[in-house]
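Engineer: Listed below are the residues making up each chain.
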Amino acid sequence: MSSAPPVSFFDRPNSYIGRTVPRPNVKKLLQGRGTYVDDITLPRMLHVVFVRSPHAHAKIVSIDRAAAQEMPGVIAVVTGPELAKVITPWVGVLTHMKGLKSAPQHAIAIDRACWQGEAVAAVVAETRAEAEDAAEMVVVEWEELPAVVDMEAALDAGTPVIHPDLGDNLAFRRELVTGDVDGAFAAADHVFEEIFHTGRHTGVCLEPRAVLADYQPAEGKLVAYQATQAPHMIQNLLAKHLNLTESDVRVVCKDVGGSFGIKVHIYPDEMATAALSVLLKRPVKFIADRLESFVTDIHARDHRIKGRIAVKNDGEILAFEIDDRTGIGPYSVYPRTSAVEANQVVNLVGGPYKHKAYRAATEVVFQNKNVTCQYRAVGHPIACAVTEGLVDLAARKLGIDPAEIRRRNLIPDDAYPYTGLAGLPYESLSHHASLEKLLKLMDYDGLRTEQAELRKRGIYRGIGLASFIEVTNPSAAFYGVGGARISSQDGCTIRLDPTGTIICATGVTEQGQGTEAMIAQIAATAVGVTMERVRVITGDTDATPYGGGTWASRGAGIGGEAALQAGKALRQNILTVAAAMLQAAPESLDIRNGTVVDTDTGVERLPLEEIGRVVYFRPDALPKGLQPEFVVTRHYVQKDYPFVFTNGIQGSYLEVDTETGFVTLLKHWCVEDCGTIINPQLVDEQIRGGVVQGLGGALYEQCIYDDRGQLVNGSMIDYLVPMAGEMPDIVVGHVVSPTASSELGAKGAGEAGTAGAPGAVMNAINDALQPLNVSLAAQPFTPESILMALGRVSAKVG
Amino acid sequence: MKAPPFGYVKARELGQVFDLLEQHGDEAKILAGGQSLIPSLNLRLSRPTLLIDINAIADLQGIRETADTVVVGALTTHVALEKSPIISRHVQLLAAAMPHIAHPAIRNRGTIGGSLAFADPAAELPACATALDATFILRNRDQERRVKASEFFHGLFETDLKPGEILAAIEFPKATTSHRFAFSELARRHGDYAMIGLAAASPQLGMLRLAYFGVADRPVSAERAATHLIRDGAAGVEAACASLADDLESSGDLNAGPQTKLHLAAVLLRRALPALLPSA
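So the protein lines, in turn, are chains A and B.
Residue numbers for the first sequence follow the numbering used here, so the first one is 85 and each next one is one higher.
Residue numbers for the second sequence follow the numbering used here, so the first one is 704 and each next one is one higher.
Hints may contain errors.
[Said to hold, decoys possible] Computed cross-link-like contacts, SDA-like style, restricted to lysine to any residue with a CA-CA straight-line distance of at most 25 Å:
1) 705(B) / 531(A)
2) 705(B) / 117(A)
3) 705(B) / 122(A)
4) 705(B) / 375(A)
5) 705(B) / 155(A)
6) 751(A) / 892(B)
If you are wondering where the hints come from, they were derived from the structure by calculation, not from laboratory data.
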């Protein structure tokens, strides 16, 4: 073992920072031995199935449940008004989203359904199958109401208002003007315009939404085993709306099978399940099946953006302007609201560039479709595609290479700190270093040569670039200041057990991305033990420090820093005791691989289990007055910036078959800067997984509604998630600019892949089709849409 | 997504199957590989009172050769076809189609008889059977009858099978030395039902069957197009493509409207020509 003094804390002997080590929970998960909500069975447990509206908008005239109640195994058939006696409605607004309005939303609809899939009755039975059989026997008499489907028409005078009390269908509007926008457009040599569309998607988690609510009437306590990213938020809101004391509600997340933002919201059916447990005084389980997932899991990204860019002849960008509209369904989702995505689009468009003028407007409108809310990389892929689409449009029109126009306009790497035009500060970004690294990884010049050669043979290949900025490590500015009781702080409680084991309880949560591995690596490093000695506890409001959970790329940046500080404090406490036992100065000792050593020589002095033995079982052997503290809690909240921005750039190389309209992804690259990298493999796979989700949006995924508000492709047959066969190799590179806002220096990595992929693919397709004077701006880019753009197919009929 | 209640019998021999079919009529469904039936039960799109599981019936198994034909038992799985040396030697079109059928997990259980009897117009096997002019061997308690592929498919999930009758085997003519074939499909993701596909076979010079799938309510043989190609060879390709509109009467779906399908049908035909015509 080296005795050289470490360069930084992370260069300590037995540091796991920057090392790819196996995830402690991966064996269990891969062997199918995880415990998901549906794996939990409680005594006297019931199953609930919801009767859902087949209409986008309809009045409930009557519900006849007589036949359903007679079905085998049925315990109760419950309607909205009955459930409303035990659970109060909610309104999805935040005070810092000025003007945002929404209507009260009930766990089960009271007198009308506002989207296809809204629950209008609950059938509770002994088994799921019995509940489904009985649900078919519930007869709802409907009176169909006119549905608001087209978001473009939502604010028109002739369009019905979904919630008459709100006055109109406008949920939120934001306008932003920075700098002399009119002057910039007047001074421009060229103004280029495009209308972009991003398809409505959903998250499609492997494990669907799930909750098992167990109300224990004797104690007035509710335990909710729930697939959620934010257990403390759920605890608060279950208590609030069920009129329980918050400490009487416990939320437990065992294993959670993917989330991507889908599982960070309040869902009426999940709240109804908890209310049914209170009502029936028995455990009630709800597992969303795949069909109801498509019509009730939040959707996202349904935007139309008119974009303009003002440029000089040499490609200098003077200004961006966007006019955005998005349809969010009939309610703003509680408690994070459905205005955040549009707000992020406004915050992020033009983000990587050094222009001085920006105007943005967004309108968020209600419609009778499923609700939309925050889904992985909230707003980023939209803003990135618009920005980068406009930059490439300018480059094409001006005859400037896409890499070169970015070189000329990206914010210089030595310009930081820098304030973006939406008023948000960037601590330290690396656009140019990332661009140059990407070009090298891609062999950009080589690809251009190959592209030119192949074009002579009628093969249309395209190269697309997309720079982006990314919101990570959010402060209270995201939700807390708007009045939502969602913690931006997280804590870690760490303890040393007599065997030398480190138990680490954290407020951030695991949904399969490796949070527990990341926390274990940091804790092991901070204390000075091997990974095998560390146990991590997540997802239990009774057992972990109060915290926000895992979302908005905060797990490593916030939760990791708390673990680091807790681990360091525990290490000091252990060394204090070790020093007393060894009659040495604490400063002369270190902990390495679970053993106290002399810092200078590395000579082993005392294993942790010996310290544990003495402290717990023979404290009489310790000096009087020495009270070992082997449980330590530390918290961390990021207060330096509203968000710690990261950045990156992606590259796509693809081939368009101009006869069939098919796009073949040949290769994809991403260079990103998430600051300190804790586990390179976990980061790279987060990037790759994110890229794949972005590629899904670019080429495959879209929730297609017909003109009556019916989702027509709500199944795994028709909703096309990206699959391995079509995915290219994804090369990941890093530039490392640690944030100074924490000692760990980690920024988020989970959303970068999703942020940039659609823009890169769009630019590559348009690059491929440039010789044919064709460009596309509406995602997903399907074979049919490409054939139409090429004029090979004239119009969609039928 | 739980199936409604249903009864289940694992049949041991064909007589028992016919008894049960007689007893239960339309209420009974034959369960082979279950790759379409079981999802449709779970989606509650189908609610038979009885499933007759025929997987244990030996009479329906196996691939065997005669002098001029290959006879494939209805229970033969896709993976068995995919790995069969008899199929790869004598029914090459079928071998070429296999990797396009869904995914390995589905091919492990899905059967040729199940796919053909289900008659999904977007599936590969009905089109292959049409292109190869396969003979369907149908049996009821009393007799066996033989039906050509062109007569077997009546429409969306509709076939020539009569009450009390099952599909027992499919007979493919063995490829001759002058046999030519082409298989291609366009699916947005590998393994999906195709937006459109073409199974084409020319058993000998002067004979050509172009069977499109994913285009109408059944596999469609593009006879006008084939006639142009037979008569004029590669020179007839423009006329052949032009006649596809009349041949196919394509209807649209989520991924492609009728015009797109028609356009792609022509693309597939052009691309298939070198394999189908000696002169192309």
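Engineer: Each hint needs a verdict: does it hold in this structure or not?
Structural biologist: Status of each hint after checking the structure:
1. For the proposed pair residue 705(B) and residue 531(A), the alpha carbon gap of about 51 Å is over 25 Å, so the pair is violated.
2. Using a Cα cut-off of 25 Å, the hinted pair residue 705(B) and residue 117(A) holds, with the two alpha carbons roughly 23 Å apart.
3. Restraint check: the Cα-Cα separation between residue 705(B) and residue 122(A) comes to about 14 Å, which is no more than 25 Å; the hinted pair holds.
4. In summary, the hint linking residue 705(B) to residue 375(A) is supported, as the alpha carbons are separated by about 12 Å, within the 25 Å threshold.
5. With a C-alpha separation of about 16 Å, the suggested pair residue 705(B) and residue 155(A) falls inside the 25 Å cut-off, and the hint holds.
6. Taking the CA atoms of residue 751(A) and residue 892(B), the gap is about 17 Å. The hint holds against a cut of 25 Å.
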